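**Student:** Below are the chains, spelled out letter by letter.
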Amino acid sequence: MSYAPSEAVIAEYRSEAEEILQRFSQNLGALEKQGFVEVPSAEILDALYRDMHTLKGSSQLFGFMEIAHIAHAIEASLEPIRRIHVNLDVSLFDALFKAIDQIEGLVRKIGTTAVQGTRTESEKEVYHTILARLIESAVNRFGAEFRPDFSGNIADLGSLESAVSVFGLKTGEPLPESQKKSETVVELKPLSQTVAKPEVKVVAAPEVKVVAAPEVKAVAAPEFKAVAPPDITQTVSTKPIDPNAGQLLQKKAEPMSELAKSEEPSTLQVATSVGQVPGGQAQPSAASAESSTVRVQVSLLDKLMNLVGEMVLVRNQVLQYSHDSDDYTFLNLSQRLDVVTSELQGEVMKTRMQPIGTILSRFQRVVRDIAKDVNKKIELVLEGIETELDRTLLEAVKDPLTHIIRNSCDHGIELPADRKKAGKPEQGTITIRAFQEGGQVVIEIRDDGKGLDSQRIVSKAIEKKLFSVERAQTLTEREISQIIFMPGFSTAAAVSELSGRGVGMDVVKTNIERVGGVIDVTSFPGKGMVIRLKIPLTLAIVPAMIVNSNGEQFAIPQIKLLELVRVERGEDIETQLEIEYLQGKPVFRLRGKLLPLISFGEVLWNEVLDEKRVKMTSATNIVVLDADGDSFGLVVDEIKDTADIVVKPICSFLKSLGTYSGATIMGDGSVALIIDVVGLSQRGHVFAENSRRAESADMHRKVVTSDRPIDSQELLFFSLNPAGVFSMPLCLVHRLEEFSRAKIELSGKQRIVRYRESILPLISLNEFLGFAPPAEQKKTEKITVVVVNKRNRSFGVEVNDIIDVRNVEGNIQEPLKETIGILGNILSGEEISVVVDVLAIIDNIIDGSDSAGRTQIRATNQGASGSHSAQVLVQGTVGQAGKGRILFAEDTIFFKKQVMKVLVAAGYEVAHAENGELALQMLDQAPVGTYQMILSDIEMPKMGGFDLALNVRKDKRFEKLPMIAITTRFREIDQKRGIEAGFNFYLEKLKADQLLETVAKVLK
Amino acid sequence: METVETNPGSAKPPLSLVKRRQYSTFFVAGRLYGIDVMRVQEITPPLSMTVVPLAPSYIKGLINLRGQIATAVGLRELFGLGDSDATKYMNVVCNLGGNLFSLLIDQVGDVMELEDGVFESTPETIAESVKLYMAGIYKIQGALLSILDIEKIAEKLNK
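Protein chains in written order, with the working numbering: chain E, 1 to 1004; chain D, 1005 to 1163.
Isolated chain D, as found in the complex (with noise of 0.2 Å):
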C-alpha cells in the first residue's frame, strides 16, 4: 500500500489509501455512477415491488430477495433526478449495516478498476443534492464517473 501524493484534491483519505480499486458503475439519469464493487451483493432486474404508503418518495418499495425483504431506493428521486421508470430500471443490492437496499438504477455499467492518481474529491458546484452522497469523482477516458457513498446514503435514509 502506497499513499498517492498526486492529488492535490484528494481531502478523502479512505479512497486515496488504495491505489486500485473496483467499481460497479452505472446510469441514473444519463450520469455515470459507481459503488466500491465490494459493497455490492448482486444486481437483478426488476422484482415485483410493494410500495410502502407514506414513506418518502425515494423509497420505491420492498422487494422479498429470495427471502429477504430489501428497501428499494429510487436513485433518481433521491438526487432529485425526476422519477425512476416504472419498468425499465435494475436493483444495485448493497447490504448496510445488515439491512437490504436495492438502488433502483436506469443502466447496469462495466465493472472498472480504476487507480486513485484519476481521483478527485467532488467540485463544490456539482448540486448539493448529489453532491450528499457522492465521495469524489474519477476522471476516465471519455467521462467523468461519480463514486457514491452508499454510508451517507444510509445516512440519508435513517435520518
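If we strip away everything but chain E, and leave its shape as in the complex, we get (with noise of 0.2 Å):
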C-alpha cells in the first residue's frame, strides 16, 4: 500500500515547513539575544520545541525521513532545556542553528512529488554530523540520561539508519562507517518494511529500557501516531519497546481516517495522564489557527489583480462617459462603481502584500552567521517589519538585499579591535529599516562601520580601467559611491566566501531597477553608510505623471519623477529664470545647478513638428526626472496629472527601441505609452557616458562666465616656450586632453591624432606664434591639447602646460603691434598674460589668405566702449557699399570683440550694448535712423534677443529696421522662434563670412 500523496499536498507541507523554519530560526535568534545567563523564556521554548515537533509529524507522513530525523534530534536536544531549565550554550545553537540550514536544504530539494531527492556524499556527511552533533551537544551537556529519549524515538520512527547511527555512537565506533553501513541498508527500504527486522529494534530496544524518560516518550508517541500515514501503522504494531506508548498504540491498525479522528482524544489522554501537554497542545492550536486563513495559489491571486486591473480601466472609461452625460441615475450609479471599484482593487491589492519582515527577520541569521565568520560582532536591528510589499516585489528584494547585508558586514563593519581603536562601541550595528515614503517602500540599509574608502575605490577602480587617472581626480564623493554600482567592481583584497568576486551592487542596482526601484549611497567616511532602496509598493499598478508632448499622451512613472518646473516668461526679468543653452545644448539653472534638459519634442518627433512648440514660448514646462541618480529636464509641452494606470506590455521590438517600458490605456480608452526615464535619457544624449561628468563642469564653467559682471571672462592659462603665462577665453575651450606623442601621426605635412572615433588635428601654438623651443627643450611623453571647436569640427592646440582657469576682470589691451594670432592682453592679478586668438589660428591654418587677411585689418576700436567711429581700412570680401552704423547687443566680451572686429574692418560703425536692456535705450534715445540695422546676441542677461527683437518690432519707429541675430543658439526651433520674434537673419556666431554677406546684403 503506498500512500502517494498529490502534488498540491506536498507544496502545502512545503510551505509549512518553510513557515515553521522561519519563525524558529527568529525564536532561537530571539534566545540567543537573550543571552546564555538568563534562564531562556519558556515560552519560546515551548513554540520552538512546538515548531520542531509539528515539523517531524509532517515531515513522517509524508516520508521525508532525513527531515523528520533532523527535527527529531532538534526536538530532542530541546527537551531537557525545557524540562530541567537549564541555561543554554552557544555550542547547541551552532548545532541547532546549522541543523535548521540542513533541513531547509532538504525542504528546498523536495519538487512537487513525495520522492525523497537523492544526495551527494557530502550531503549525507553532512547530516550525520548533524545528527551527531546534536546529539552529543545534548549528551554532553545534560548527561546520558537524555540519550534514550533521542535513540527510544528513533527506534519508533522505525528508521534502521538513525538507530544505528545513535547506537554506534553510543559504543564508541567510529560513527562515519557505522552510518554509511546503514545507510545502504535504508536506502532500499521504506519505511513499511523496515517493520520486519525486528533485530533492529532488538538492538534499540535495549538502550530505551535503560534510560528511558518515561515522560518524554508519553508526548512523543501519541503525537507521532496522529501523523503517521497509514502504512506507518504496521510498523507501529512491533513496537512494543516503549512501554508507555504502548497502550496507545494499539489502535494502529486502524485506517487513517479514523485515525485521525481517534487522534484527540487519545493525545489528551496521554497529556492528561503524564501530566505535560506541550506537544499535544500544539496540534489543537495550529488547527484552530488554520481555520481562519485560507492558502490560496499566488498564480490565482494574480489573475484576480489582472481582471481588478481591467475593471479600474473600465471604470475610469465610464467615469470619463459619465461626465458627459446628464442621466442622473446613471451618473449615480458609475459613482458608486467608482467607489466600490476603489475599494476592490484596495483589497485585492492587499492579498498581495506581505509584511516585509517576513523576508528581513531572515537576515538576523545572515548577520549572526556571517558575524562569527569574520570574527566581528554585529548587531541586526530591524525596523518597520510591519511594511507591506507586493510579495513579488518582496521576492525580488530578497537577494539584492541579502548582498547589500553581506557586504556590510564584510566591508562595512570593522573588527571589534578597530572599532574600539576609532572610540566606537566593539559591536557594530546594521538597522535595516522599512517605511512607506509616497507610493513606495524604502528600505534603508545603514551601518555604523567605516563608510566607503573613497581612496581605495578610486584606486581600484583605475586599476581595473574604469577611468583614467584625470577623470578619477575630478570625481565627487556622490559619483566615488556610484562606482560601487558599476560591473567587475569589488574592494575586497582578496577574494573570499563572502564577496569580493566583483559580482555584487551591480547586480543589486540591476535587481533593484528591473522592479522599478531606485538604489542610493550615501557614505559618511569612518562613520558608515546609508544605502536606500525605493521600492514602488507593487507592480501591477503604478502611479505616474501624464504630460503632452505633441498632442500624444505619455506617461511618466511617478517613481522616476523628482519635481516639475515651469518656466514663465514673465515681466520680472531680473528674477527671470530662463533655459540657456551651451554648445546648442539647452540647460536650466535649477537652485545653482545645472540641469541638462531634453525636449521631448526633439528626442521623439525629431523636431519635425517645430512649429507647435515655438508657439509655446510663454512657459516651459519642465519635468525633472531621475535617470540612474543623474538628474536632467525634459521639456514637454503639457503637463496634465497624474493617474494610476496599469502598466500593460508592449511588443519586445517597441520595447527596444528604449524609450517605452510599457503602454497604458487612458481613462477616455486611448493608449498612452510609458516612458523609460533611463532610455529616454540615453536617447537624448543627456550623459554621455564616461565624459559627461568633464562636460559638466565644462557647462558650469561656461554659464558662470554669461552670470558675472559684464567686464569679467573666465580664462584658461598655459604656458608656451617663452617664459610668462598665455590664455584663451575658456568659452572656446572644449576640452583639455592629453595624447601621448606615439599617438601622432602625420596626414600629408598636418600632425592628427586619433580622437574619439574622428581625426583631430594638431596645432602647435610655439610652432604658429614662431616662438623657437628653449635651449634644452624637454620631450615629454605626453603632449597637452585644448581642444576647440571650430566650424563643426574640432581642433587640438597644443600647449606646454594647463596652469588654471581664472575669472579676470578688465579688457583685453589690444597688443601694439597687430599679430596674427594675438588677441591682445590682460591682467591677471599680477601677470600679464598674452591673449591667443584660437580662433584666428584655426582660419587662419584652415583656409589660408581670407581669414588671415582679415584678421591682418588693423581695427582702431578700443574694446568696450560704446558707438564710436572707425578708422577703416576697406578690404576683401565686403568691397565699398554703403556703410552703416550697426547696434550691437552682445554681453560675452570675446565675441563682442570678434564680431566689433570683423564689422570694423569691413568698414561699419559699430555701437555696442551690453545687453537687450541697454541696446534697447540707445536705440529709444538716439534719433530715428541713427542704426540702420541691430545686430543681437540671443543670450544675454536682462534682456535677451528675442525679447529685444519683440521689443524693437512693438515700436513703430522701428518696424522695419533690419535685425540680425546672432548666436551659438542655432537650432532650427530657435531660428524660427527668432524669425517670429522679428528677426530678419538668424546666423550662427563666429562665422565671419556668413556674418559679413548678410550684413551686406541688409544695408545694401
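Everything labelled a hint here was simulated from the structure, so no lab data went into it.
Be careful, since some hints might not be right.
Said to hold, decoys possible - Taking lysine-lysine pairs in the DSS-like style, the calculated list, with each CA pair at most 25 Å apart, reads:
1. Lys-648(E) x Lys-1160(D)
2. Lys-655(E) x Lys-1160(D)
3. Lys-1004(E) x Lys-991(E)
4. Lys-655(E) x Lys-1156(D)
What the hints assert, rightly or not - Okay, the calculated beta carbon distance ranges per label pair:
5. Asn-1162(D) x Gln-354(E): 35 to 43 Å
6. Leu-1058(D) x Glu-437(E): 32 to 40 Å
7. Asn-1162(D) x Ser-758(E): 30 to 38 Å
Model, not experiment: these values are computed from the prediction.
C-beta atoms are modelled at their ideal positions from N, C-alpha and C, and glycine is treated no differently.
Take the two lone chains and join them into the complex the hints point to.
**Tutor:** Here you go:
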C-alpha cells in the first residue's frame, strides 16, 4: 500500500515547513539574544519545541525521513532545556542553526512529488554530522540520561539508520563507518518494510529501556501516531518496546481516517495522564489558526489582480463617459461603481501584500553567521518589519538585500579591535528600516562601520581601467559612491567567501531597477554608510505623471519624477529664469545647479513638428527626472495630471527602442506609452558616458561666464615656450586632453591624432606663433592639447602646460602691433598674460589668405565702450558698399570683440550694448535713423535677443529696421522662434563670412 | 488528409498538406492578399491610434482593443507600397505569440475556401519586399491571391 500525496499537498507541506523553519530561526535568534546567562524564556522554548514537533510529524507523514530525523534530533536536544530549565550554550545554538540549515536545504530539494531527492556524499556527511552533533551536545551537557529518549524515538520512527548511528555513537564505534553501513540498508527499505526487521528494534530497545525518560516518550509517541500515514501503522505495531506508548499504539491498525478522528482524544488522554501537554497542545492550536486563513495559489491572486486592473480601466472609461451624461441615475451608478472598484482594488492589492518582516527577519541569521565567520560583533536591528510590500517585489528584493547586508558585514563593519581604536562600541550595528513614503516602500540599510573608502575605490577603479587617472581626480564623493555599482567592481583585497568576486552591487542595482526601484548610497567616511532602496508598492498598478507632447499623451512613472518646474517668461526680468544654451544644448539653472534638458519633441519627434512647440514660448514645462542618480529635465508641452496606471506590456521590438517600458490605457480609452526614463535620457544623450562629468564641469564654467559682471571673463591659462603666461577665452575650450606622443600621426604635413573615432588635427601654438624651442626642451611623453571646436570641427591646440582657469576682470588690451593669433594682453592679478586668438589661428591654418587677411586688418576701435567711429582699411570680401551704423547687443566680451573686429574692419560703424535692455535704450534715445541695423546676441542678461526683437518690433518707428540675430543657439527651432520674434536673419556666431555677407545684403 | 502530388511548384509542405483551407482575404494597394482564417482574431473598423514615436514607419501605432493593446502594422508601409490611408482602412487583428497585432489593410475581401491544388509557391520574380512575407499564391478565378505568412511578418518585426 503506497500513499502518494498529491502535488498540492506536497506544496502545502513545503510552505508549512518553510514557515516553521523561519519562525524557528527567528525564535532561536530571539533566544540567543537573551544571552546565555538568564534562564531562557519558557514561551519561546515551547514555541521552538512545538514547531519542531509539528515539522517532524508532517515530515514523517510524507515520508521525508531525513527531515523528520533532524527535526526529531532538534526536538530531543531542546527537551532537557525545556524541562529542567538549564541555561543554553553557544555550541548548542550552532548545532541548532546548522541543523535548521540542513532541513532548509532538504525542504528546498523537495520537488512536487514525495520522492526524496538523491543526495551527494557530502550532503550525507553533513546530515550525519549534524545528527551526531545534536546528540552529542545534548549528551555532553545533560548527561547520558537524555540519550535514550532520543534513540527510543528513533526506533519508533522505524529508521534503521538513525538507530544505528545513535547506537554507534554510544558504543564508541567510529561514526562514519557505521553510518555508511546503515545508510545502504535504509535507502533500500522504505518505512513499512523496516518493520520486518525486528532485530533492529532489538538493538535499539535495550537502550531505551535502560535510560528511558517516561514522560518524554509518552509525549512523543502519540504525537507520532497522529500524523503517521496509514502504511506506517503496521510498522508501529512492532513497537511494544516503549511501554508507555504501547497502550496507545494498539489502535494503529485502523485506517488513516479513523486514526485522525481518534487522534485528538488519545493525545489528550496521554497528556493528562502524563501531566505534560506541549506536544498535544500544538496540534489543536495550529488547527484553530488554520480555520481563519485559506491558502490560495499565487497564480490565482495574480489573475485576480489582472482582472481588477482591467476593471479599473473600465471604471475609468465609464467615469469619463459619465461626465458627458445628464442621466442622473447613470451618474449615480457610475459614482457607486467608482467607489466599489477603488475599494475592490485596494483589497485585492492587500492580498498580494506581505509584511517585509518575512524576509527581513531571516537576516538575523545571515548577520549572525557572517559575524561569526569574520570574527566581528554585529547586531542587526530591524525596524518597520510590518511594512507591507507586494509579494513579487518582496521576492525581488530578497537577494539584493542579502547582498547589501553581506557587504555591510564584510566591508562595512570593522573588526572589534579597530572599532575600539576608532572610539566606537565593539559591537557594530546594522539597522534595516522599512517604511512607506509616497507610493513607495523605502528600505534603508544603515551601518555604523567605516563607510566607503573613497581612495581605495578610486584606485581600484583606475586599476580596473574604469576611469582614467585624470578623470578620477575630478570625481565627487557622490560619483565615487556610484562606482561601487559599476559591473565588475569590488574593493575586497582578496576573494573571500562573502565578497570580492566582483559581482555584486551592479547586480543589486540591476535587480532593484528591474522592479522599478531606485538605489542610492550615502557614505559617511569613518561613521558608516546608508543604502536606500526605493521600491514601488506594487508592480501592476503604478502612479504616473501624464504629460503631453505633440498632442500625444505619455505616462512617466512617478518613482522617477523629482519635481516639476515651470519656466514662465514673466515681466520681472531680473529674476526671470531662463533656459540657456551651451554648445547648442539646453540647460536650466535649478537652484544654482545646472540641469541638462532634453526636449521631448526633439527626442521623440525629431523636431519635425517644431511649429507647435515654437508657439509655446510663454512658458516651458520641465519635468525633472531621475535617471540612475543623475537628474535631467524633460521639456514637455503640457503636464496633465497624475493617475494610477495599469502597466500593459508592449511587444519586444517596441521595447527595444529603449524609450518605452510599456503602455497603458487611459481613462478615455486611448493608449498612452509609458516612458522609460533611463532609456530616454540615453536617447537624448543627456549624459554622454564617461565624458559627462567633465563636460558638465565645462558647462558649469561656461554658464558662470555669462553670469558674471560684464567686464570679466574666464580664461584658460597655459604656458608656451617663452616665459610668461598665455591664455585663451575659456568659452572656446571644448575639452582638455592629453595624448601620448606615440599616438601622433602625420597626414601630409599636418599632425593628427585619433580622437573619439574621428581625426583631430593638431596645431602647435609654439610653432604657429614662431616661438623657438627653449635651449633644452624636454620631450615629454605626453602632449597637452586644448580641444577647440570651430566650424563644426574639433581642433587640437597643443600647449606646453595647463596652468589654471581664472576669472579675470578687465579688458583685453589690444597689442601694439597686430600679430595673427594674438588677441591682446590682459592683466590677471600681478601677471600680464598674452591672450591667444585661437579662432584666428585656426582660420589661418584652414583657409589661409581670406581670414588671415581679415585678421591682419588693424582695427582702431578701443574695445569695450559704446559707439565710436572707426578708421577702416577697406579690404577683401565686403567691398566698399555704403557703410552703416550697427547697434550691436552682446554680453560676452570675447564675442563682442570678435564680431566688432570683423564689422569694423569691413567698414561699419558699430555701437555696442551689453544687453538687450541697454540696446533698446540706446535705440530709443538716439534719433530715428541713427542705426541702420541691429545685430543681437540671443542669450544675454536682463533682456535677451528674442525680447529685444519683440520690443523693437513693437515700436512703430522700428518696424522695418533690419535685425540680425547672431548666436550659438542655432537650432532650427530657435531660428524659427527668432524669425517670429522679428529678426530678419538668424546667424551662427563666429562665422565671419556669413555675417559680412548678410550685413552687406541688409544694408545695401 | 491526403497529400497532393500534382503540385510541382510547392516546396512548402505546411500548406500543401491540407486539402482545403479557409483564407480571410483583403486588399492592400489594389492587390489581393489572404491570411489563414484561423490566425485572424477579428476584423475591426479604424480605432483611435496612439503614435509610437521613433518606431519604424510601418508601425502605425498602438490600439486599445477592449483593454488589450495591439500594435498596428501598416501593410502598405511594410511592403513598400506607399502610405496607408489615414482614415480608410481596416484592422485585421492577429494574435502572434501572445502579442496582438493589427494589420492595416485597405479593404476587406471574402473568406475563401481554397484547394491546395491551386496553390503555388511564390514566383521568384515577385519583389523581395513583399515576397519576404509571402507563403505562396493561389490561382483563383480572375485573380491571384497572395497568401501572407504572419509568422514571417512577426519575425521581421522582431528583428
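**Student:** For every hint, state whether the structure bears it out.
**Tutor:** Hints versus structure:
At roughly 23 Å between alpha-carbon atoms, Lys-648(E) and Lys-1160(D) fall within 25 Å of each other, so this suggested pair holds. A distance of roughly 15 Å separates the Cα atoms of Lys-655(E) and Lys-1160(D); the hinted pair therefore holds under the 25 Å criterion. For the suggested pair Lys-1004(E) and Lys-991(E), the alpha carbons sit about 20 Å apart, so the restraint of at most 25 Å is met. For the proposed pair Lys-655(E) and Lys-1156(D), the alpha carbon gap of about 20 Å is at most 25 Å, so the pair holds.
Take Asn-1162(D) and Gln-354(E): their Cβ atoms lie about 36 Å apart, and the range 35 to 43 Å holds. In this structure the hint that Leu-1058(D) and Glu-437(E) lie 32 to 40 Å apart at CB holds, the actual value being about 34 Å. A C-beta distance of roughly 34 Å is found between Asn-1162(D) and Ser-758(E), which places it inside the suggested range of 30 to 38 Å.
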